[in-house]
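Please work from the sequences and hints to get the whole structure.
Next come the chains, spelled out residue by residue.
2 protein chains.
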Amino acid sequence: MDPHDKSYKLDEKAFFQTIGDNTRRAILDLLAEHGELTVTQISEHFPNLVRSGISKHLMQLRKLKLVYSKKRGREQFYSLNPEVIWSVLEPWIKKYEKYWSKNLIRLKQAAEQTKQNHTE
Amino acid sequence: MDPHDKSYKLDEKAFFQTIGDNTRRAILDLLAEHGELTVTQISEHFPNLVRSGISKHLMQLRKLKLVYSKKRGREQFYSLNPEVIWSVLEPWIKKYEKYWSKNLIRLKQAAEQTKQNHTE
DNA sequence: CTGATATGTTACTGGCAAGTAACACAAATA
DNA sequence: TATTTGTGTTACTTGCCAGTAACATATCAG
Chain A
1 MDPHDKSYKL DEKAFFQTIG DNTRRAILDL LAEHGELTVT QISEHFPNLV RSGISKHLMQ
61 LRKLKLVYSK KRGREQFYSL NPEVIWSVLE PWIKKYEKYW SKNLIRLKQA AEQTKQNHTE
Chain B
1 MDPHDKSYKL DEKAFFQTIG DNTRRAILDL LAEHGELTVT QISEHFPNLV RSGISKHLMQ
61 LRKLKLVYSK KRGREQFYSL NPEVIWSVLE PWIKKYEKYW SKNLIRLKQA AEQTKQNHTE
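Heads up: the sequence lines are chains A and B, in that order. Start counting the first sequence at 1; every next residue gets the next number (our numbering). Start counting the second sequence at 1; every next residue gets the next number (our numbering).
Since the hints were derived computationally from the structure, they do not count as laboratory data. Heads up, some of the hints might be wrong.
Note that the list lumps identical chains together, so a pair holds whenever it fits in one copy or between two copies.
Stated by the list, open to error - 20 Å max Cα-Cα, derived DMTMM-like pairs, lysine to aspartate or glutamate:
#1 K95 / E83
#2 K98 / D29
#3 K95 / E36
#4 K98 / E33
#5 K56 / E75
#6 K94 / E83
#7 K94 / D29
#8 K95 / D29
#9 K63 / E44
#10 K63 / D11
#11 K56 / E83
#12 K98 / E36
#13 K63 / E83
#14 K94 / D21
#15 K98 / D11
#16 K13 / E36
What follows is the structure, encoded as structure tokens:
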């Protein structure tokens, strides 16, 4: 599966199974917090796992395009790809939106505050 | 977020693993569409699976409280519990909200339209 | 009561996925 | 050049889970 293939469509099953793993969800959290990290830097946060295992998790996240990855020298830098995460989550959420109007109103307020804080 | 903090990942893991299964996600879709269904009615939508397997899936959804269940006579009726679904999803989403302000703005609009259509 | 229907439970099996170890290879460094 | 460092790959093992079959229990119909 080519991560640069534009026609590649991420399915819900693969997505939810992927983030159903504690280690991969923790990796996404680390990337959300630190922005850009190498494999070694990520591995240092998991002293109970070997580095090659972390590398395998990162390859899965890459395949699903949940993370960006670019190589500089011999180091591979990973960072979050929130658009893809949202592109899978949003359609699934919207199927239930008729039950969730009140909750979405609350989320809307959070979004507006965020927009004020981040005028990017 | 500390990936070694055990308290934060328990519910999320079970939740994402649960909806990572195609059959269980399809069951939730059925309940979202039809409102309230018995085990037999749900099973009829899965001709390739035996009924006891569907019952096991429903028990998992019950255990996580993703569905309501009430017994009438010898029939067990299941329906969606969207509040619990959202209660797990929202905190996870919010960790990335600084990346998602634009997306949340769009979702807010959907929420407001929904509120107008369902004035409940 | 007798039998049929609706649901849940348990033991079992096959397949998949996480983790590891050992290796391969490229890039930096001495 | 030789060596170390950073990353990815492969074979292997282990544990878990979806699905099934057989059974248990409760409720309804005749």
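Tested hints:
1. For the homomeric pair K95 and E83, the shortest alpha-carbon distances inside one copy (19 Å) and between copies (14 Å) are both at most 20 Å.
2. In this homomeric assembly, K98 and D29 come within 20 Å of each other (Cα to Cα) only across copies, at 13 Å, whereas the closest approach inside a single copy is 30 Å.
3. For the homomeric pair K95 and E36, the shortest alpha-carbon distance between copies (16 Å) is at most 20 Å, but the shortest distance inside one copy (33 Å) is not.
4. For the homomeric pair K98 and E33, the shortest alpha-carbon distance between copies (11 Å) is at most 20 Å, but the shortest distance inside one copy (33 Å) is not.
5. Taking CA atoms no more than 20 Å apart as the test, K56 paired with E75 passes inside one copy only; the shortest distance there is 16 Å, against 46 Å between copies.
6. Proximity of K94 and E83 under a CA criterion of 20 Å is satisfied in both settings, with 16 Å inside one chain copy and 14 Å between copies.
7. Taking CA atoms no more than 20 Å apart as the test, K94 paired with D29 passes between copies only; the shortest distance there is 11 Å, against 24 Å inside one copy.
8. For the identical chains of this complex, K95 and D29 are inter-copy neighbours only, at 8 Å across copies versus 26 Å inside a copy, given an alpha-carbon limit of 20 Å.
9. In this homomeric assembly, K63 and E44 never come within 20 Å of each other (Cα to Cα): the closest approach is 23 Å inside a single copy and 35 Å across copies.
10. For a Cα distance limit of 20 Å, the shortest separation of K63 from D11 inside one copy, 12 Å, qualifies, whereas the shortest one across copies, 26 Å, does not.
11. In this assembly of identical chains, the alpha carbons of K56 and E83 never lie at most 20 Å apart, being 22 Å within a copy and 35 Å across copies at closest.
12. For a Cα distance limit of 20 Å, the shortest separation of K98 from E36 across copies, 15 Å, qualifies, whereas the shortest one inside one copy, 37 Å, does not.
13. For a Cα distance limit of 20 Å, the shortest separation of K63 from E83 inside one copy, 15 Å, qualifies, whereas the shortest one across copies, 32 Å, does not.
14. Within a single copy, K94 and D21 get their C-alpha atoms only as close as 24 Å, which misses the 20 Å cut-off; across copies the closest is 19 Å, which meets it.
15. Proximity of K98 to D11 under the C-alpha cut-off of 20 Å is found in neither arrangement, the shortest distances being 23 Å within a copy and 24 Å between copies.
16. Taking identical chains as interchangeable, the C-alpha atoms of K13 and E36 are never at most 20 Å apart, the minima being 27 Å within one chain and 24 Å between chains.
Checked against the numbered hints listed earlier, the structure breaks hints 9, 11, 15, 16; every other hint is satisfied.
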